[in-house]
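We have chain A already, so just place chain B on it with the hints.
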Amino acid sequence: NAGVMQNPRHLVRRRGQEARLRCSPMKGHSHVYWYRQLPEEGLKFMVYLQKENIIDESGMPKERFSAEFPKEGPSILRIQQVVRGDSAAYFCASSPTTGSALAQYFGPGTRLLVL
Amino acid sequence: GENVEQHPSTLSVQEGDSAVIKCTYSDSASNYFPWYKQELGKRPQLIIDIRSNVGEKKDQRIAVTLNKTAKHFSLHITETQPEDSAVYFCAASEVGSQGNLIFGKGTKLSVKP
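For the record, the sequence lines run as chains A and B.
For the first sequence, this note's numbering assigns the number 3 to the initial residue and increments by one for each residue that follows.
For the second sequence, this note's numbering assigns the number 843 to the initial residue and increments by one for each residue that follows.
Only chain A is shown next, with the shape it has when bound in the complex (with noise of 0.2 Å):
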């Protein structure tokens, strides 16, 4: 059972350019929850999707950007017109449909750099 996959694991943008980040939560697991991490600091929580829905998006800046879980394919995080203050690793996890709901599982990352 492969675990929660992520890519890219590295993604550079200039100020202005878009960053699309992939999450494909482990198989059978439908929760997908997206954290930001700076440098030497905690989780944040961003949203938080089930497919076709966001179920959560509080953590979220409402400005630039935007996450989708659809039908098909992988969980996307889009950051529009990046700036530096973007600059961190973006973790996704997933959790099960049922049982141990809460137990959540969490990608490699991606660490994005924006110059």
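Hint data in this document are derived by calculation from the structure and do not stem from the laboratory.
Be a bit skeptical, because a hint or two may be false.
Stated by the list, open to error - If you anchor each label on the Cβ, the simulated ranges turn out as follows:
{"hint": "1", "chain 1": "A", "residue 1": "Arg17", "chain 2": "B", "residue 2": "Ser851", "range": "25 to 35 Å"}
{"hint": "2", "chain 1": "B", "residue 1": "Lys899", "chain 2": "A", "residue 2": "Lys29", "range": "22 to 32 Å"}
{"hint": "3", "chain 1": "A", "residue 1": "Arg11", "chain 2": "B", "residue 2": "Glu925", "range": "15 to 25 Å"}
{"hint": "4", "chain 1": "A", "residue 1": "Ile57", "chain 2": "B", "residue 2": "Leu888", "range": "18 to 28 Å"}
Unchecked claim - Chain B residues, not near chain A, derived (Cβ > 10 Å throughout):
{"hint": "5", "residue": "Ser854"}
{"hint": "6", "residue": "Gly858"}
{"hint": "7", "residue": "Ser870"}
{"hint": "8", "residue": "Lys884"}
{"hint": "9", "residue": "Thr920"}
{"hint": "10", "residue": "Asp926"}
{"hint": "11", "residue": "Ser927"}
As the list claims (entries may be wrong) - With a cut-off of at most 27 Å between alpha-carbon atoms, the simulated BS3-like pairs for lysine-lysine come out as follows:
{"hint": "12", "chain 1": "B", "residue 1": "Lys950", "chain 2": "A", "residue 2": "Lys46"}
{"hint": "13", "chain 1": "A", "residue 1": "Lys46", "chain 2": "B", "residue 2": "Lys913"}
{"hint": "14", "chain 1": "A", "residue 1": "Lys64", "chain 2": "A", "residue 2": "Lys53"}
{"hint": "15", "chain 1": "B", "residue 1": "Lys947", "chain 2": "B", "residue 2": "Lys913"}
{"hint": "16", "chain 1": "B", "residue 1": "Lys884", "chain 2": "A", "residue 2": "Lys46"}
{"hint": "17", "chain 1": "A", "residue 1": "Lys46", "chain 2": "B", "residue 2": "Lys910"}
{"hint": "18", "chain 1": "A", "residue 1": "Lys46", "chain 2": "A", "residue 2": "Lys73"}
These figures come from a predicted structure and were not determined experimentally.
In this text, a Cβ means the ideal position worked out from N, Cα and C, and glycines have one as well.
Coordinates of chain B only, in the frame set by chain A:
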């Protein structure tokens, strides 16, 4: 909303000694408390979790205790080894809510051989 405080921020122990990391939370509705270990440049790995219907849980050298009245929970690592060196994060969440985790700021544990 929930707020999780974690301390100490750094902890250095000799190999074989025990290490204890403590967290407090603010929302009495929280009832799920996982601990994650993150090595440099790697993903956070779930190492143990506890739900509020139990006060203690153990898995080999690691254990977690929960005091709901005082709203704090602790991670205990016994017989520490150099490979235990990492940053440890506690988190809190509420069953039945949206499920997003609120994390502490982490404890950097160094185990000296």
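Note to self: Hints numbered earlier in the text: which of these fail when held up against the supplied structure?
What the structure shows: 8
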